[in-house]
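If you're matching them up, the sequences are chains W and G in order. For the first sequence, this note's numbering gives the first residue as 348, with consecutive numbering after it. For the second sequence, this note's numbering gives the first residue as 348, with consecutive numbering after it.
Possibly wrong hints are sitting among the right ones.
Same chains, same names: a pair is fine if it fits in one copy or spans any two.
[Said to hold, decoys possible] Once the Cα atoms are required to be at most 35 Å apart in a straight line, the calculated DSBU-like pairs of lysine-lysine come out as: (1) LYS390 x LYS403; (2) LYS532 x LYS652; (3) LYS701 x LYS532; (4) LYS670 x LYS375; (5) LYS719 x LYS707; (6) LYS375 x LYS475; (7) LYS471 x LYS363; (8) LYS375 x LYS473; (9) LYS397 x LYS471; (10) LYS732 x LYS426; (11) LYS732 x LYS707; (12) LYS471 x LYS375; (13) LYS732 x LYS397; (14) LYS652 x LYS363; (15) LYS555 x LYS397; (16) LYS719 x LYS363; (17) LYS701 x LYS555; (18) LYS475 x LYS652; (19) LYS379 x LYS719; (20) LYS652 x LYS555; (21) LYS532 x LYS555; (22) LYS363 x LYS648; (23) LYS473 x LYS532; (24) LYS429 x LYS390; (25) LYS670 x LYS379; (26) LYS475 x LYS379; (27) LYS363 x LYS701; (28) LYS720 x LYS397; (29) LYS720 x LYS379.
Calculated from the structure, these hints are not laboratory results.
There are 2 protein chains.
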Amino acid sequence: MRNFTYETSTRILFGKNRIAEVGTEVLKYGTKVLLAYGGGSIKTNGLYDKLTEVLKASQIEYVELSGIQPNPRIESVRKGIKLCRDNNVQFILAVGGGSVIDCAKAISMGLDYNGDPWDFFVRKAKIKHVVPIGSILTIAATGSEMNGNTVISNEATLEKRAAGHSSLQPRFSVLDPTYTFSVNKWQSASGVVDVMSHIFEQYFTQDKGTFVQDAMAEGILKTCIHYGPILLNEPENYEARANLMWASSLALNGLTGTGKLFGDWATHAIEHEVSAIYDLTHGAGLAILFPVWMHYVLDEKTAPKLAQYSRNIWGVTEGDDVKAAQQGIQLTREFFSSLGMPSALGQVDISADKLDQMAKGACAFGAIGMFKKLGPADVKEILQKAM
Amino acid sequence: MRNFTYETSTRILFGKNRIAEVGTEVLKYGTKVLLAYGGGSIKTNGLYDKLTEVLKASQIEYVELSGIQPNPRIESVRKGIKLCRDNNVQFILAVGGGSVIDCAKAISMGLDYNGDPWDFFVRKAKIKHVVPIGSILTIAATGSEMNGNTVISNEATLEKRAAGHSSLQPRFSVLDPTYTFSVNKWQSASGVVDVMSHIFEQYFTQDKGTFVQDAMAEGILKTCIHYGPILLNEPENYEARANLMWASSLALNGLTGTGKLFGDWATHAIEHEVSAIYDLTHGAGLAILFPVWMHYVLDEKTAPKLAQYSRNIWGVTEGDDVKAAQQGIQLTREFFSSLGMPSALGQVDISADKLDQMAKGACAFGAIGMFKKLGPADVKEILQKAM
C-alpha cells in the first residue's frame, strides 16, 4: 500500500426533504448566490419552486445560469463567470447532475482568474483561488458531488478535458433519492455504468496489498449489480435509488483509490474523445468501451487482478486466471446489455472515420493508463474493436 | 435507508515518514502544544525523539502529559486540563492509541468548562467549545483517530463512560503502519477484535435497505480476517499492518453506520463495565462477549441478518437462517480463539461476584441495544454465559 493523504470535506445531507436545510448551509458562506442548473426538468418537477422558496426564506439573493448541457460547454462556464462578476456572487449552488456541478466548479475556479477558463483544462493555468460551491444532486452517476474534479467540453476544438483541486469539493451536497425518481431508464442505466467505471478505474491497478480498498470497491460494485436491474423496473424504488445515489458518491470520493498510485483512467479518456465529438451519454460510451478495454489489456501481468474481479464479483470458479478474467469480462458485457446499454459504437451511430482523431486526442498529453500503458495505436485498436 | 448527515473532517496522513509533516499541520492551529502520551514505549522506539525534533524545527513549544494508561482515567484528564491552562496551550497532540487520543479529547472539551470534566460523561454538561487536537497513531484498534468519540474511566466510581461531538474529530491523524510493528501479539489481536466489533455494532441492526453500507462493512471484516492471523506470525508485515490500520479508522468513522438508526452498542457497553472493574484489554473482553451476545440475541427476527453475516463472511451455505447464524457465530468464536484471544471471563481471572453490579452499570441510562433491547437481567445472563 502506498502513502496517501485522505480528506473529504463535503458535508453530505442525505435523504428525503434535506433541501429544507440548504438556506442554513448557504448562509455559512454568503447571501449572494449563483443558481446553476440544466434544462427545465427542475421547473417541471417542483424542485426549482421548493428551492427558491427555501432561499427566499433565508433572505438569500440569487441569479440564475440555466441551460447547462450534458457534456457541459466552456461557453456556459464563461457565461457563469460573467454573471458572478456582475452580481458579486459569493457562493455557487449547482442543482442537477455531474454536468451542472462540473460547470459550477469551472466557474468557481475561473472567477478570480484574468484569462480564459479553458486555460485550466489545457494546463495553461493552475487552480488557485476558488469560490465555495454546493450541490443538490438529481442523478446518481458522476460522483462530482463529493470530489474536486470537473470535466468540460470545448465545441470549438472538439475537446473534452478534466481539471481538479481539493478546494473544489462542494462544501455540502444534498442527496435526496426522490429527486432521481424521474430519471429515465437510459440515463439511470448510464449512471450505474458510470459508477461501476469509477470503481474499475481505481480497482484495476498494478498496486499490491490494497485489500481493504479492493474489498470496499467490490462492495460498491455488488451494490450496482444488485440494484441496477431493480431500477429499470421500479424507477421509484427508494431503496434502490438511495443505495445507488450513495454508491455514486462513495465510488469517486477518493476512498477506494487510497494507497494506490493513480488508477487507470484510460477508458475514461477514450470515452471523453468519443463523447466530445458525438455528444454520447458518458455512461453509454463506457458500457461499450470498458469490456473492450478489459479484453485488450488482459495479459499474464494483468490477469490476476481481472480474475480477482471475476471471482469476487461474478462468482467465477475457473482456476486459470486468464480464463477466469475472460469469463468475468463476458459477464460484465452481458450485464451492461441487460441494462439496455449499447455494446458497440456502431449501435449509437458512431462511424469509423474519426478514430485517428480520437486516438490522438486521448493521448494528447502522452500515453494513458497505468494498469497497462496505451499509446495512440492501442487506443485506435480499442476503438476499432468497439465498432 | 434512513436520512443521515455524513462529514468526516480528519485529514489522514497515511504511510511511512508522514510524521515529517506534523509541524506544518500543527502550525495551522497554534504554536503551543500539549504532547499527550502513554508509557515509555515512544521513548524507547525513537518516536518521541523524532517528533520533538520535528516540533522544534517548526518552533512549536510543547508541554508534556505522560503516563496516560489503557482505559484512561479521569485523573489524567484533570491533570491535562491544568497543564493546558497553565501553559496557554492552543493544540493537543496525542501520540499513542485510542486511550491517549480519548484522553486528549476529554481534555479538549474540558478546557473551557468551569466544572469537573467527568460531568460530560455522566451527562451533566454538554460539549460546547473544544481545543483542536491531532493524533499520531501507534496501534490499530479504536478508530478514535478519525471520529469525535471518547471513553474515560473513573476509578473512584468504577465507571467507564463515553462522550462525543463531531468537533472532537482530530484535525489530522498520522497513520504510519511502521509504528505498530512493535505492538505485541495480545494487543495486536485485541485490536483486530476491536475493529471487527465496531463493524458488528453498526452491521447488526434492524434497519432495512442498507446494502452498500453492509457490503463495505463486509469488506472491512474480510480484511480483518485475512490479515489478523498474518500479523501474529509476521509482526513487521507492512501490508498487514497497513490494511489493519486503515481498516481501524474506516470501521468507526461513520461510514458503515450511515443510513441506520444508531447501531447496537450493547456489547461495548457490557464490556466497558467489565474493563472498568477489572482493567481488561477492551478487545479481549469483546472477543469473549461478542459470540455470547450474538447467540443470546439470535431469534426469528434477528436470524436473517446474522445469517447474512455467516454467509457473506464465513461462506456458510446452510439455507436455514437460524442454523446458518449459529454456524457463523461458532466460526467467529473459533477465529477469535485462533488469534489467541480468551473465550470465557474465567480465563482472564474474572469471578462471578460482580455480575449484578456490571449488569446494573451497563443499563445505567436504561435498556441497551437496538438489534435486540436488553435490560439488566439480559445483561446478567449474557455475563453468566460468558463465565
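Do the hints match the structure? See the list:
1. In this homomeric assembly, LYS390 and LYS403 come within 35 Å of each other (Cα to Cα) only inside a single copy, at 17 Å, whereas the closest approach across copies is 59 Å.
2. Both within a single protomer and between protomers do LYS532 and LYS652 lie at most 35 Å apart by alpha-carbon distance, with minima of 31 Å and 32 Å respectively.
3. Proximity of LYS701 and LYS532 under a CA criterion of 35 Å is satisfied intra-copy only: 29 Å inside one chain copy versus 61 Å between copies.
4. With identical chains, the CA atoms of LYS670 and LYS375 are never at most 35 Å apart, being 55 Å at best within one copy and 53 Å at best between copies.
5. In this assembly of identical chains, LYS719 and LYS707 lie within 35 Å of each other by CA distance solely inside one copy; the values are 18 Å within and 61 Å between copies.
6. In the homo-oligomer, the alpha carbons of LYS375 and LYS475 lie at most 35 Å apart both inside one protomer (21 Å) and across protomers (19 Å), since each shortest distance falls under that limit.
7. In this homomeric assembly, LYS471 and LYS363 come within 35 Å of each other (Cα to Cα) only across copies, at 34 Å, whereas the closest approach inside a single copy is 42 Å.
8. For a Cα distance limit of 35 Å, the shortest separation of LYS375 from LYS473 qualifies both inside one copy, at 27 Å, and across copies, at 23 Å.
9. For a Cα distance limit of 35 Å, the shortest separation of LYS397 from LYS471 qualifies neither inside one copy, at 40 Å, nor across copies, at 40 Å.
10. Neither within a single protomer nor between protomers do LYS732 and LYS426 lie at most 35 Å apart by alpha-carbon distance, with minima of 39 Å and 70 Å respectively.
11. Taking the shortest alpha-carbon separations for LYS732 and LYS707, only the intra-copy value of 17 Å comes in at or below 35 Å, while the best inter-copy value is 70 Å.
12. When the C-alpha separation of LYS471 and LYS375 is checked against a cutoff of 35 Å, the pair qualifies both within a copy, at 33 Å, and between copies, at 30 Å.
13. In this homomeric assembly, LYS732 and LYS397 never come within 35 Å of each other (Cα to Cα): the closest approach is 48 Å inside a single copy and 56 Å across copies.
14. In this homomeric assembly, LYS652 and LYS363 come within 35 Å of each other (Cα to Cα) only across copies, at 26 Å, whereas the closest approach inside a single copy is 39 Å.
15. Taking the shortest alpha-carbon separations for LYS555 and LYS397, only the inter-copy value of 29 Å comes in at or below 35 Å, while the best intra-copy value is 49 Å.
16. In the homo-oligomer, the alpha carbons of LYS719 and LYS363 lie at most 35 Å apart only across protomers (27 Å), although the nearest pairing inside one protomer, at 43 Å, exceeds that limit.
17. Taking CA atoms no more than 35 Å apart as the test, LYS701 paired with LYS555 passes in neither setting, with 38 Å inside one copy and 49 Å between copies.
18. Taking CA atoms no more than 35 Å apart as the test, LYS475 paired with LYS652 passes in neither setting, with 38 Å inside one copy and 49 Å between copies.
19. Taking identical chains as interchangeable, the C-alpha atoms of LYS379 and LYS719 are never at most 35 Å apart, the minima being 47 Å within one chain and 49 Å between chains.
20. Taking identical chains as interchangeable, the C-alpha atoms of LYS652 and LYS555 lie at most 35 Å apart whether they share a chain (10 Å) or sit on different chains (32 Å).
21. For the identical chains of this complex, LYS532 and LYS555 are inter-copy neighbours only, at 25 Å across copies versus 38 Å inside a copy, given an alpha-carbon limit of 35 Å.
22. In this homomeric assembly, LYS363 and LYS648 come within 35 Å of each other (Cα to Cα) only across copies, at 27 Å, whereas the closest approach inside a single copy is 46 Å.
23. Proximity of LYS473 and LYS532 under a CA criterion of 35 Å is satisfied in neither setting, with 39 Å inside one chain copy and 49 Å between copies.
24. Taking the shortest alpha-carbon separations for LYS429 and LYS390, only the intra-copy value of 24 Å comes in at or below 35 Å, while the best inter-copy value is 59 Å.
25. In the homo-oligomer, the alpha carbons of LYS670 and LYS379 never lie at most 35 Å apart, since the shortest distance is 58 Å inside one protomer and 61 Å across protomers.
26. Taking identical chains as interchangeable, the C-alpha atoms of LYS475 and LYS379 lie at most 35 Å apart whether they share a chain (22 Å) or sit on different chains (30 Å).
27. Proximity of LYS363 and LYS701 under a CA criterion of 35 Å is satisfied in neither setting, with 45 Å inside one chain copy and 47 Å between copies.
28. Neither within a single protomer nor between protomers do LYS720 and LYS397 lie at most 35 Å apart by alpha-carbon distance, with minima of 48 Å and 40 Å respectively.
29. Taking the shortest Cα distances, LYS720 and LYS379 never come within 35 Å of each other, neither inside one copy (46 Å) nor across copies (49 Å).
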